[in-house]
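Using the sequences and the hints, build the whole thing.
Next come the chains, spelled out residue by residue.
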Amino acid sequence: MKHGVTVIIAGTLITAAVALAGGLPARHPSYVELGDRKPVCSDCHEDEKDPILFKRYNHTPLFLEEHKRLARMRPDVCELCHRQESCQDCHATRTELKPSVKRQVQTYKRSPHRGDYITRHRLDARIDPARCYRCHGNPRRSASCRRCH
Amino acid sequence: MKKRKTVPILLAGFVAAAPVSPATAADVTIRSETIARGYERDSATESNLVALPLYEYLSVAYEDPEGSGLSLHAGGWGRKNLGDEAVFADNETGELLYGYLDLRRGSLLARVGRQDIFSGPASEAIDGARIAYRWRGYDLAGFAGLPVALEGDGIDGDYVWGGRMAFSPAAEIYAAVSYKYVESNGHRDSEDAAADLRWDLPRGMTFTGRSTYSLKSKGFSGHDLELALPLQENDIRAGFERISYEDFFAADDKTAAPFRYLKDSGGSLNIFRATISRGSEELEAGAALRYYDHSDASRDSFYGGVTVSWHGDGLTQTGAEAGRMESDDSRNSFTLLRLFTYFDQLETGILPVSLSADLVYALYDERINNEDYSLFLSAGAGAKLMQEALEVRVSIGYSVDPYYSHDLTSMINATWRWQKNGEVEE
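Chains A and B are the protein sequences, given in the same order.
FYI, the numbering for the first sequence is 1 to 149, going by the working numbering.
FYI, the numbering for the second sequence is 1 to 426, going by the working numbering.
Mixed in with the good hints, there may be bad ones.
[Unchecked claim] Here are the simulated EDC-like pairs of lysine to aspartate or glutamate, each with C-alpha atoms no more than 20 Å apart in a straight line:
1. Lys384(B) - Asp124(A)
2. Lys420(B) - Glu33(A)
3. Lys49(A) - Glu233(B)
4. Lys68(A) - Asp224(B)
5. Lys38(A) - Asp344(B)
6. Lys55(A) - Asp200(B)
7. Lys420(B) - Glu96(A)
8. Lys38(A) - Glu282(B)
9. Lys98(A) - Glu95(B)
10. Lys109(A) - Glu282(B)
11. Lys98(A) - Asp47(A)
12. Lys49(A) - Asp200(B)
13. Lys109(A) - Asp313(B)
14. Lys68(A) - Glu391(B)
15. Lys98(A) - Glu226(B)
16. Lys68(A) - Glu241(B)
17. Lys263(B) - Asp124(A)
18. Lys55(A) - Asp344(B)
19. Lys55(A) - Glu226(B)
20. Lys55(A) - Glu233(B)
21. Lys80(B) - Glu96(A)
22. Lys98(A) - Glu33(B)
23. Lys38(A) - Glu191(B)
24. Lys68(A) - Glu226(B)
25. Lys109(A) - Asp344(B)
26. Lys109(A) - Glu95(B)
27. Lys109(A) - Glu40(B)
28. Lys55(A) - Glu391(B)
Think of the hints as simulated: they come from the structure by calculation, not from any bench.
Laid out in structure tokens, this is it:
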């Protein structure tokens, strides 16, 4: 491995000390009927901080824009409730249907690329192409772009 | 190096080795979503071709009820076009999206097979293994495998590996370092290291920060900082993001065409953002402001948007979203409006029916193909049958836009869910 990384990792190993908060169960109790509505964790867990700061995981109205920060840091929390299946509608770019088409009837779900995205995508993409790159960055994840690009 | 074949074989081996409990004790979930669509398209040579694609999205999960911590998950999709084949040309017709065996024992998680990795700088599907372990206050995770998305380009010997180590030097701090290496075509495709930090501040405020460094181009590819402050029912956030194109994008044949030139453009983008949102049983609302400060000043842009929705019983909801992108380059300026409604489980006398409608309208400051707007409308209905095991939805979509002067699509969607020995869970 690269020198720099080794140094970073060794450095952090030395500075780290205290134990993390306790472990999580493998699954959120399934007797809790969460339904299809985005959960507000603090409605049930209130201000509790152990084993996690529940409030932080509230699925807020803008959760679509915000979930990435939590997903990268604590994937174990997401896995309490979500199997990989729940992320596929939007993250599986190697399929043909965009999320808003696949769930056209479920208008209550926020989905990226709503409406005529073929026209609008160039405006979004010129302004912030990095946002698109994670999902469409390589040839296989952009099969649907090939007919024009 | 012979690859590709190894993982399915490995996986098959694991499947075979998985303890086969008596069927009565098994906890199995099968979900099948069948989608039939119909519309017309023009190809380069012919017009009014009929597309009648039939999609199947299938997923299965098996969890060992004996509490061994073992579970198996698989999902994929496939398409058969019953109309003119030219519409889809040589698109892929299906794929295994994920298929993995999970083992949880105490603080150990091991996952083998095709899976998505979202960890540190990694955000990809691999055919391989991931192990996560909590050890004396450290969250350790490592993964290695073959990158699924690079597959199929006729080049062998690609692989990816990486890891993440998180720790908590004090109760209010959670910090991590992570790493990812991608080998492609026999050379280093990318190599990134990242550090992230979450810091709980007084008054319920949280600071989140993340920086990613490209060891290949020797520069920071991005920074992302956010301060979240809850104020009564409100969730207020302020953030800053920076992306350096040279270090963030790649510029080789493994990069999708529209992004290939970005690396060499040497641009950079700073995004300043502020959002506020609040949710209650009846009302959800959010507002966002974003300022895009581009190194190419003609792309500087300002975005403001609001979203509101009212909730009724169950999933009943009516909402509106409006946004305005104001860019120094008027080609990128537009106004967006969305109105939607959903009525959950309306009593009709025979069976409860859900109804929905959607409108998305975009107005462009500069004409595109001589049109200055796109209008999309959809209407749909759904009903649950067979004790809610089957849900059928029908919908139509209609679009008037710069690409399709009038485009009508229809869709039938049947979702069937079968569970054994378990409550429905998400």
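Original post:
Looking back at the hints listed earlier, which ones does the structure fail to meet?
Top reply: 1, 7, 11, 14, 15, 18, 23, 26, 27 and 28
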